[in-house]
Amino acid sequence: MIRSILATLSLLAFLASSLLAQGLNTNATKDDWEEINFETGSAVLVDGYPSLLRLAELLAKNDGYRVKVEGHGDPNTPARAAEKLGMARANMVKQFLEKYGARPSQISVATAGNTSPKVGNATKEGRFMNRRVNLNVTDPQGRNVSAAGVGDAIRNLNAATGGPAGMADPKCCDEILKRLDKLDDILALLRGMKADHDSLKQEVAALKADSSKASQQVAA
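When we follow this note's numbering, the leftmost residue of the sequence shown carries the number 22, and every step to the right adds one.
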């Protein structure tokens, strides 16, 4: 157990240094454990690791279930950039779920761009909540089980498959700690995320520049 705790602390230290290097806000809230949100212009996962690990575990045990991951941007982001960011965010979650047990055939992705905000967009907190992924879970017969955040997906998938009604499984935390022991794999995944993030940042900046230029031309 001590080795597991040390491994977890090492991972958290790496995450903190990595995210600070990118200029991302690492302040955690209780919602971080159940929902997947993103910083402005980014598709890097900065929260939700325990929940995603739990969801991957449930999907691995129930291969008839499917998840459609839908990425969202906030309405302040230009439409084309938000669409691209939404797809990148969905693909990042898909990659993580597959890495930790879900089968590729179980996960599909889509983007809603900036067309479906969850809350009002006037505040910084609201915009953060709108930069998210939704998870649409269906059973082996194609019936909808859940269509919201990862917390709802876990609770409803648990209930549908006869598991505990809450977020946790009695063995869940032990399983998560065992998976966090695989630091080399996780660190490699995070490095890949950062490379994808840097590339995406450049593309989004170019799209914003094009949008600004087009607006200036229309105004002229």
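Some hints could be false.
[Unchecked claim] Pairwise CB distance ranges, derived in the manner of DEER restraints:
1) S236 x V140: 46 to 54 Å
2) A143 x G213: 20 to 28 Å
3) A81 x R164: 34 to 42 Å
4) T136 x G85: 24 to 32 Å
5) V239 x T61: 20 to 28 Å
6) E224 x N165: 42 to 50 Å
7) N97 x A131: 18 to 26 Å
8) K229 x T144: 37 to 45 Å
[Said to hold, decoys possible] For lysine-lysine, the following BS3-like pairs were computed, each having C-alpha atoms within a straight-line distance of at most 27 Å:
9) K229 x K139
10) K120 x K89
11) K222 x K139
12) K234 x K222
13) K120 x K222
14) K120 x K82
15) K82 x K139
16) K229 x K120
17) K89 x K234
18) K120 x K234
19) K82 x K145
Just so you know, these hints were derived from the structure itself, not from any lab.
Here a beta-carbon is modelled for each residue, glycine too, at the ideal position from N, C-alpha and C.
Below or equal to 27 Å on CA atoms is what counts here, so check K120 against K82. holds (15 Å)
G85 and T136 - C-beta distance against the hinted 24 to 32 Å: For T136 and G85 the Cβ distance comes to about 31 Å; the hint holds.
Is K120 close enough to K222, meaning Cα to Cα at most 27 Å? holds (24 Å)
For the pair supplied as a hint, K82 and K145, confirm whether the alpha-carbon distance does not exceed 27 Å. Violated, at about 38 Å.
Hey, K229 versus K120, does the alpha-carbon distance stay inside 27 Å? With Cα atoms ~32 Å apart, K229 and K120 exceed 27 Å; violated.
Checking one constraint from the list: CA of K222 to CA of K139, max 27 Å. Satisfied? holds (24 Å)
Is the hinted range of 46 to 54 Å satisfied by the C-beta distance from S236 to V140? violated (26 Å)
Would the hint linking K229 and K139 be met if the CA-CA limit is 27 Å? holds (23 Å)
Is the straight-line distance between the alpha-carbon of K120 and that of K234 27 Å or less? violated (40 Å)
Just tell me: holds or violated, for the beta carbon distance of E224 and N165 against 42 to 50 Å? Hint violated: Cβ distance 33 Å, outside 42 to 50 Å.
Go ahead and decide if the range 37 to 45 Å is satisfied by the Cβ distance of K229 to T144. violated (21 Å)
Satisfaction of hint between K139 and K82, Cα-Cα up to 27 Å: With a Cα-Cα distance of about 31 Å, the restraint between K82 and K139 is violated, given a limit of 27 Å.
Of the numbered hints given earlier, the model fails hints 1, 2, 3, 6, 8, 15, 16, 17, 18 and 19; all others are met.
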